[in-house]
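Trainee: Chain by chain, the residues:
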Amino acid sequence: MRKLILAAAALISACSSGRNYAHAIAALVDVSGTYVDQKPEVIGLIKKGILPKLNPGDSLFIIRIDDESYRKGNLEGALTLDVRPSKANAQKLAFAKKLDEFGRKRERTKHTDIRGAMMLGAEYLKESGAGWRTLVLFSDMQEDLPKGVKRTLAADEFSGMRVLAMNVKRLNADVANPTAYRARLASWHEQITSHGAKDFQVVMAPEKLDELLEN
Amino acid sequence: MHTLYLWPDSPVVSLLVLWVLSQLLLWAARGPMHRALKSLGRVLSGALRVTARWCKSLSTSLAWRDREMMQEIGSSNAQEKLAKEFRRVEGSLAKELGRYPALHRKMDDLVSRLDADYHDCGNAPPSPPGWAEAAAALAKVQQQNGDGVVRKLLEEMHKAAQDSEKKALQEYRESTGKRHKILGSMAPMWKELTGNAAEAGKSVAAALETAKQVDAHMASYEKMRKGEDKAVRAMGWQSTQLFVASLFVLAVALGGAFVNFNLIALPMSELVPSGSRIGGIPVSTVAALVIVLMEVAAGIFALEMLGITGFFPKMDLLPASRRRIVLFVAVGGLFMLACIECSLAVLREQIVESASALKQSLAGISDRSVSDPAFSRIPVVGQAVLGFILPWILAMVAVPLEMLIATGGHIALTVSAGILALFSTIARLLGHGARYLVEAIRHVYDIYIILPLQLERLATGVRGGLSVREPAQGRARR
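Sequence order for the protein chains is A and B.
Using our numbering, read the first sequence as starting at 1 and increasing by one per residue.
Using our numbering, read the second sequence as starting at 1 and increasing by one per residue.
Everything labelled a hint here was simulated from the structure, so no lab data went into it.
Facing chain A, according to a computed beta carbon distance under 10 Å, are these residues of chain B, among others:
no., residue
1, L266
2, P267
3, S269
4, E270
5, L271
6, V272
7, P273
8, S276
9, R277
10, G280
11, P282
12, L347
C-beta atoms are modelled at their ideal positions from N, C-alpha and C, and glycine is treated no differently.
Given these sequences and hints, build the entire structure.
Mentor: Structure below.
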């Protein structure tokens, strides 16, 4: 009898919720003056590269990077897919329309609060309870905080998350001095991995996003 | 190496001293070393010989067990065949004997009618004897006697005799004609009788053929019971053939199951929560796998109830009515599952089409010409048909599965026995090798200390080499 109970317990523990296997992605889109021209391309990348890869139960958060990104209002859209594929497809279509609307918005900010957006995205990812969490940054990775804005990351800010920097635009200064550009990315790598992130990768080719989002 | 030098500054002297010391030490320890090496050789070869013997005995035991199993299987197969033949004979006899009274009655009737007809033929009125001679005598009297009255009388009598003869002849002809008619009517009866006799002959020939087959099965059964080598070997070969054939069919069925599984795995996510997982596998995948396994299970039960397979002996004891119920449930379940799969296959195509449309829409492609409905119906119909047929084919897997299980024992025992026999041979070879290796080490040892040995020989004056002195106790024990 005891063996039977133990076997049943093992079976129950083996059956687990799908939440641990779900994938939550937060896409942070830079709308600052130096990157806003990339917005249509970024929207296209999200629609073609991220949205179709989502499976039933997965989540996607779109967060805007602007002057002060750690605002709730910076969440442009959130989506958690239904467990039925047909309904999930309908949700994806509806979300794609929302993304198009976001892409059509004409906004340009003076400053770039990347860490604020990352903190907001990390919070949403943690709240989703998904087993796989990914932050995808669409930015030039040149942070420029307004006066009086402070961003201090917690030690476990990106705990268990992967951070991907997509479509990183090279600024004029970067073209003139690539070392500065590389140093900037290395500094981000150090900062992100030292705050608990599993990995930080700069993705050059959009088609690589597919395999990077595989869980 | 340098640490071994007694005088690091003069390695040659150090090495020479070390060599001399080793020579002395090894010469002094020659006796115990030889005994130790001998013992080591004995232990190694003994252990390997024991291992070889154990492997050999285990291999023989397994081969014997396999032989017993083959004998048992062969006997039971022959028994089954005999039982089948007897059932056939019983059925045939019941059928033929059931028909026999009617046939007998028919033949009796025919014989009675033939007998009666025969009698009728035999009752022909006899022709009046002697009328011809009487008429001839009267004619002669007429010629000899000249009296008119007598002549007239005689003429009348002659005429009457002639008339009577004519009448008798006429009657005789008529009677003969009648008898011929009766005989003519007997011909179909003879034919019928011949046909019945031929039919009875055929039945007897069939019974004789069956008896021959029964004899053949009986002979095979006797051979198996006696455990004749040829019969057991033939049985083993037959089992191997069956095993290979079953394995091949099962591999094909596994391929079918894989196709079936892939056909329903995607649409199952519409029916069960696709986000949930069991042990890391999505519930929809597990559900699809369960459906495939359920089809196999239903097939096993259906074939079991039809008497094709014999997985569950208890099922044989069920009354026919209950067997019919189980069969109905199994076939009904299989039909339902086939219908579900058929609909899932259609749903799959819809999901794939929808996902493709979504991707195109997200990529901003609006050209729909690639998914022309006129052409997209073909895969839908194909998948639906496949979804309906595959469960029935999978249900048939019970037969090769049973064969594989039945013959698997023979294969496992044969392979194990072969491997053990190989191990036995290897262990035996290693045992011999170990013995001779230790012997060689002893000789190398003696070669190394050849100088002190030769000096000892010269000193003691012993010819033909020195023998190792064995301890007194050891010699006594040996």
